[in-house]
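**Q** When you get a sec, could you build the whole thing from the sequences and use the hints?
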Amino acid sequence: NAGVMQNPRHLVRRRGQEARLRCSPMKGHSHVYWYRQLPEEGLKFMVYLQKENIIDESGMPKERFSAEFPKEGPSILRIQQVVRGDSAAYFCASSPDQRGNTEAFFGQGTRLTVV
Amino acid sequence: AQRVTQPEKLLSVFKGAPVELKCNYSYSGSPELFWYVQYSRQRLQLLLRHISRESIKGFTADLNKGETSFHLKKPFAQEEDSAMYYCAPSHPSSNTGKLIFGQGTTLQVKP
Chain A
1 NAGVMQNPRH LVRRRGQEAR LRCSPMKGHS HVYWYRQLPE EGLKFMVYLQ KENIIDESGM
61 PKERFSAEFP KEGPSILRIQ QVVRGDSAAY FCASSPDQRG NTEAFFGQGT RLTVV
Chain B
116 AQRVTQPEKL LSVFKGAPVE LKCNYSYSGS PELFWYVQYS RQRLQLLLRH ISRESIKGFT
176 ADLNKGETSF HLKKPFAQEE DSAMYYCAPS HPSSNTGKLI FGQGTTLQVK P
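Taken in sequence, the protein lines are chains A and B.
Heads up, the first sequence is in the working numbering, so the first residue is 1 and it goes up one at a time.
Heads up, the second sequence is in the working numbering, so the first residue is 116 and it goes up one at a time.
If you're looking for bench data, these hints aren't it; they were derived computationally from the structure.
Hints should not be assumed to be uniformly reliable.
Unchecked claim - Here are the simulated SDA-like cross-link-like pairs (lysine to any residue), alpha carbons at most 25 Å apart as the crow flies:
(1) K188(B) - F129(B)
(2) K44(A) - L161(B)
(3) K27(A) - Q157(B)
(4) K188(B) - G42(A)
(5) K124(B) - S141(B)
(6) K44(A) - S145(B)
(7) K44(A) - T221(B)
(8) K124(B) - Q108(A)
(9) K44(A) - L162(B)
(10) K124(B) - N179(B)
(11) K172(B) - Y142(B)
(12) K180(B) - K27(A)
(13) K44(A) - E147(B)
(14) K62(A) - S87(A)
**A** Set out below in structure tokens:
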């Protein structure tokens, strides 16, 4: 089991472009979480998805950000019209169920730089 | 508002010294409590969780409900313990694995 795979590892975008971040969960995991880490800060929850459903998007900015987890393929975090403040590390985690005491397995993250 | 505080950004100790990484949380309800660790160039991984009451790599963490703390301790630090440590309760009011992370503490163990 290769673990949670995120790509790309590094992404550079100019202001106004779109950024697409991909996350393939561990085999057998159908629960995906996205977190954002701004410089000098801890990880902040963004969104929780199950296959084809967004369960909790309370941490997502209201505009420009969207996420999906289709029946087939990876979960995608999409940022439209990126701005400098979107520069951060974005981490994906997966788990086999939604229980609060279940271990989450993390990917290595995507570092987004907006220039 | 729910909050997790790790007051030390950096903790530097000598090999063999005791270590305590502090974590305080402010929540209503009873969260599940975790410590995650990130070694250099590796991904974030679970170190231990309160519910298991286990000791991993010599680390233990005791929940003090009165002080709302979940400090991580090790009696004798090793150089390989140098890493970033995050305290992370899961959100108590939702039946999900959503985690609330502290700011993290960098542990530096000197030879």
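**Q** Going straight from one Cα to the other, do K27(A) and Q157(B) come out at no more than 25 Å?
**A** This hinted pair holds, its Cα atoms lying about 20 Å apart.
**Q** Please work out if K188(B) and G42(A) have their alpha carbons no farther apart than 25 Å.
**A** Satisfied, since the Cα-Cα distance of roughly 21 Å is no more than 25 Å.
**Q** Are the Cα positions of K44(A) and L161(B) separated by 25 Å at most?
**A** 17 Å, holds
**Q** Hey, K44(A) versus S145(B), does the alpha-carbon distance stay inside 25 Å?
**A** 20 Å, holds
**Q** Holds or violated: K124(B) with N179(B), Cα cutoff 25 Å?
**A** 22 Å, holds
**Q** Tell me if the straight-line CA distance from K188(B) to F129(B) falls inside 25 Å.
**A** 15 Å, holds
**Q** Keeping to a limit of 25 Å between CA atoms, is the pair of K180(B) and K27(A) held or broken?
**A** Judged against 25 Å, a Cα distance of about 36 Å means the pair is violated.
**Q** Under the criterion that the straight-line Cα-Cα distance not exceed 25 Å, is the pair K124(B), S141(B) satisfied?
**A** 19 Å, holds
**Q** Are the Cα positions of K62(A) and S87(A) separated by 25 Å at most?
**A** 17 Å, holds
**Q** Below or equal to 25 Å on CA atoms is what counts here, so check K44(A) against E147(B).
**A** 17 Å, holds
**Q** With the threshold set at 25 Å, check whether the alpha-carbon distance from K124(B) to Q108(A) stays at or below it.
**A** 22 Å, holds
**Q** Going straight from one Cα to the other, do K44(A) and L162(B) come out at no more than 25 Å?
**A** Holds, because 19 Å separates the two Cα atoms, which is no more than 25 Å.
The structure shown violates the earlier hints numbered 11, 12.
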